[in-house]
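Trainee: Chains A and B are the protein sequences, given in the same order. For reference, each letter of the first sequence is one residue, going 1 to 505 in our numbering. For reference, each letter of the second sequence is one residue, going 1001 to 1315 in our numbering.
It is worth saying that the hints were derived from the structure and are not from the lab. What you are looking at is a predicted structure, and each value in this text was computed from that prediction instead of being measured. Glycine included, every Cβ here is placed at the ideal spot set by N, Cα and C. There are no misleading hints in this set.
Here are a few chain A residues that sit away from chain B, every Cβ distance over 12 Å (derived from the structure):
(1) Q117
(2) V133
(3) D163
(4) E479
Stretch by stretch, here's where chain A covers chain B in the computed footprint (C-beta under 8 Å, at least three residues):
(5) 1184-1193
(6) 1202-1213
Listed next, with one range per pair, are the computed distances between beta-carbon atoms:
(7) A:R120 x B:A1292: 55 to 61 Å
(8) B:G1177 x A:K372: 19 to 25 Å
(9) B:G1299 x A:A391: 34 to 40 Å
(10) A:D384 x B:G1299: 50 to 56 Å
(11) A:K372 x B:G1299: 43 to 49 Å
(12) B:L1239 x A:E145: 41 to 47 Å
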Amino acid sequence: MKKITLSAQNLIKRYGGVVALANGNLSISSGEVLALVGANGSGKSTLGKIITGVVQPDGGDLHVDGQPVRLGSPQVARRLGITAVYQELSLIADMSVTENIWLSHEPRRWGLVDTRQMDRHTETLLELFAGTVSPNLQPSTLIGELPPDEKQVVEILKALSWDPRLIILDEATASLDSRQVARLFELVARWQADGRAVIIVSHRMEENYRVAQRATVLRGGEAVADRVLADTPTAELVQLMIPDSAVRVKKTAADDELTQRPVRLAVNHLKTKRLKDISLSIRDGELLGIGGLRGQGQEELLRALFGVVPYEGEVRVSQKDVHFKHPQEAIGHGVALVPGDRGTEGLLLSRSILENLQLPSWAQYGRILNMKSARSDAQAAGRDLRLKMGALSDPVSSLSGGNAQKVVLGKWLLRSPKLLLLNDPTKGVDVGAKGEFYQILDSLRAAGTAVLFYSSDDEELLWLCDRILVMHDGGVSAELHGEHLTHANLVAASMGSVGSMENHV
Amino acid sequence: MTIRGYKFPAPLIALSLAVLLFFLGGVLRSGFANWEQAVNIVRLAAFLGIIAAGQTLVIISGGEGIDLSVGSVVTLGALIMFRIGDGSNSMILPALVLALAAGGMIGLINGLGIAFVRIPPLVMTLGMTGVVQGVILGFTQGVLEGETPPLLATIITRPIVGRVPGIVFFWLIFGLGMWLLIERTAYGKKLFAIGTNRVAATLSGVRVNREILITYALSGLLAALGGVIVLGFTDIVFLNLGNRYLFPSIAAVVVGGTVLAGGQGSYWGTMSGALVLTLLTSLLTALQFSEAIQQMALGVILLLLLSIYGRQRTN
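With these hints in hand, go ahead and build the complete structure from the sequences.
Mentor: Structure below.
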């Protein structure tokens, strides 16, 4: 194995007016495992993408083996021996495992693809994970037939097939189970011994400590520290990522009054494929936040409560035992869900604003629909939401992002929900519309609606909620309220580290 | 097509084309554009229009929705009326109920296969065509005994006002009913919803599988109704009576501006589409083109029309 050294200095990357990376620094050489850590939006992914040639920097220097380089494309980076494993998979569902792994560098013989050799190489690669994957994972299996964890394994093997000198594992463990993670880390140790260099990006703090010797900390697009992990406790590392750990006490004036109110939703030991034993309760007029890193089961929790995902466990809505098997049943009990992706899950884009607003409610306008009253109800909802639109008959695709999101919310307001489930509702919504959205939430809360609110925006959660459940890996890692409701606690609990916390569940 | 900022809806384009073709026919061949011919064309279009009604619903429902079994169900509906009705006016009603039930049942099985077993509609309904044809052959052994009840033929073909036969009035009332079903019932609103985005529909409380079942069952039922009505016109049954309506039934829906991908469309579009197709065929026949030229001309004109709609959608 030819040795590699890579160093990045003062890398800058802007997207329009947003600075994703202000001062990216990093260095690594053969036989090292480096952890790249930072909160959401600190520039980890951008830095990783620059090193693998996916993204071109706007400034700064990159040196490989002491030579200045320009990585114009992933191909250039691969030729230098740099590959990455991403969480968002780059696999093609209709092609086999072998075809995916060797795509664009198929072994050849007489100018033709040598399928025998390709299958043989694939089997060798698959043996690396033997025992941790199902026997169904064979060179000829189609990617589309594999579960997410095995797809991720193939993605790892695909990167490995280039025989890289430097491998970047960007959230590569997120969908793997613990045995597969253990195997991957054995491999990382072996690669290290072989003289390869590895950069790991993981939201799970313990994983960073398990495999890496050194950590580079990014904060707000800048590399702020470079630490030897053996000498750095987790709390200190978190502190470096999020310096603001000042105690911030929420207004709790309404607390006493709140505890007098009836419990709208009580969940006991809820389990799904992804969720491990969730218990929670919300009272009328309460806004309970759900935090944590993306993809820790927050969406699954909301979907289970709405009858979309099958679950086990007790759920009580309005003091009645329920077990929803279809959203229609949940809607019948006054539950509403604003899904995470309004384009694919929330809206009928080519249909009118009227039809979108009234979709859950048509049945109440008679056998032959009373369009006049359906229209005037929708018009009134539009006014309440301050919906900027031409006419009710215009397609919803004519609206801006924020206004379209108001339609998704509006279709539930027309039904006066008792329990509102929100899945990251302000994602991709402009600041002005966000403010209006908060006002609507506030008036709903004042009217006694219980709100369960997942947001990927930590600031927003801290600002809006009196109480936050932090989810990690399908479970609740902490419940924060009162003086413990700080950004530092939220981030620490998000990483699954509860050492610095006193009131974890 | 956009003129001075106004977007013409596809059904209106199709309807204008029908009128244009009618008078063009009058110019090209004297005697084409007269009242009698107009009535005749509307009557022929009515058969196609009624048979294509179920197809309209299925195509709007999306999910690659299409019903290829309408041809064989049309034959089955006609056959049941022919056999059970057997020339007796008092048997019309029982035979009609039986025909509709049989058609609805076949559609329901289509719907079950598509919604619950997740067989693609094209495959499911194509397979069903074979099954229905097999059943027809098995029951009749190829011998078609029976007689059309005279009252049925009278209702459908006898002129009521100004030489306009009953079927034309029936078609207008039927069209109104379809409009109500699609635009003014919860079923219709949910139909557009599942045709546009099934995930969003489910998350808004729509029971998607139930909508699919109802839609395919309705399609079977309406095709059987079409078969009964066609019988009133042809008076006799033959084993491939319905087959020639299959592709025109899809073409009429599409010419009427209903989108094959689902989620957008109308029945008055399908009515216009049926008129355009019937007029084109009549005109090409009247101009005494050979069968080969007729087929080619029909294909080219359909492509032209659809390319106009396509441009309209991308604009």
